[in-house]
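Enquirer: Below are the chains, spelled out letter by letter.
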Amino acid sequence: MAEAGDKILLDWDALEVGETFETFEYVLTQKMVDDYRLGVMDPEASFPTIAHKVDVRQYNAKYRDNGSVNARCAFYCYNPPIPGKKLMVTAKIADKYLRRGKNYIVTEAVSVDEDGRLIDRVITHELKQPNEVGKKWGG
Amino acid sequence: MGGLNPDSIERDYQVGGEIPPLVKQMTQEAINLFEGSAGQTGPSQFTDEETARETLGTEGTVASGRMSLTFAIEMLRRYFGSDVYNHGGFVDLRFLRPVRPGDEITFSGKITDITREANGSRVSVEIKVENQKGDTTGIGAGSAVVPNAYLPAEE
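So the sequence lines, in the order shown, correspond to chains A and B.
Using our numbering, the first residue of the first sequence is number 1, and each one after it goes up by one.
Using our numbering, the first residue of the second sequence is number 1, and each one after it goes up by one.
The reader is advised that the hints may include incorrect statements.
Think about it this way: if two alpha-carbon atoms lie no more than 20 Å apart in a straight line, the pair counts; the simulated DMTMM-like pairs of lysine to aspartate or glutamate are [claimed, not checked]:
1. K135/A <-> E59/B
2. K96/A <-> E59/B
3. K136/A <-> E130/B
4. K136/A <-> D92/B
5. K135/A <-> E10/B
6. K102/A <-> E74/B
7. K92/A <-> E29/B
8. K110/B <-> E74/B
9. K53/A <-> E29/B
10. K53/A <-> E130/B
11. K136/A <-> E59/B
12. K136/A <-> D103/B
13. K135/A <-> D135/B
14. K136/A <-> E50/B
15. K136/A <-> E54/B
16. K136/A <-> E49/B
17. K135/A <-> E54/B
18. K53/A <-> D92/B
19. K135/A <-> D92/B
20. K31/A <-> E104/B
21. K135/A <-> E18/B
22. K53/A <-> E74/B
23. K128/A <-> E54/B
Just so you have them, the derived chain A footprint on chain B, three or more residues with Cβ under 8 Å [as the list claims (entries may be wrong)]:
24. 26–38
25. 61–69
26. 80–91
27. 95–107
I should point out that these hints are in silico values taken from the structure, not numbers from a laboratory.
The beta-carbon is built from N, C-alpha and C at its ideal position, and this holds for glycine as well.
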């Protein structure tokens, strides 16, 4: 893999399924929750972690590529996170596959709070040729 | 129902039963709030037209699929009740077409299966998302385990 700056240029063929990233930690603030609820127009929305894209955050911190498009996403709700609590996220490359000549990467992340409460699990399939959106769906 | 959350929902679930639909008006302001809620302030294909043109080849911005995921979760949470859905609910969506600012998207669902589990019944739902033109922007599935106490007593 060629390196530029602190990030590694993605070599899809060399990317190893099972690669696990460093744990990512952050504090969920009330503002994050409030902004998320405004954005999704739902005052009871309980999983602002969806917007945090923590499943791909560590991937994006390590690799650079041409961008991506979310093709599929699965989400398991275990316990709503509590504002003010620190969240710990472990993420990994869960799979990769070729479909119709396009490259996909599947990431999976589990969030747990500082008290050990399981928060959620998210599995995302990203198409690594984002310009396919414009080709297929035009402007 | 003593001891249960007063917001809990008791319902007789039937295969083929329809979930009340959820309609959302997508705006650039909502997209910006969603993206910014995690502190992401730089331009992206979701918030900046030029970045969208360069990255996606589209004329304008698009909404993250995760917003549709959130809306599907909202539809199911309203149906099952937050005390059920927020503690074991699941959703899996495939994004078939871009959702753009100005779109009105409608989420609908239908019960496809009900299976007994240790402490209740898993109610599975198929999900469809359509825009104002009738184009399908997403499909998927979701489920929740409804505790026995929330189900009508068997005769």
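Enquirer: Checking each numbered hint in turn, tell me which of them this model violates, lowest number first.
Expert: Hints 2, 4, 5, 6, 7, 10, 19, 20, 21 are the ones this structure does not satisfy, whereas the remaining hints hold.
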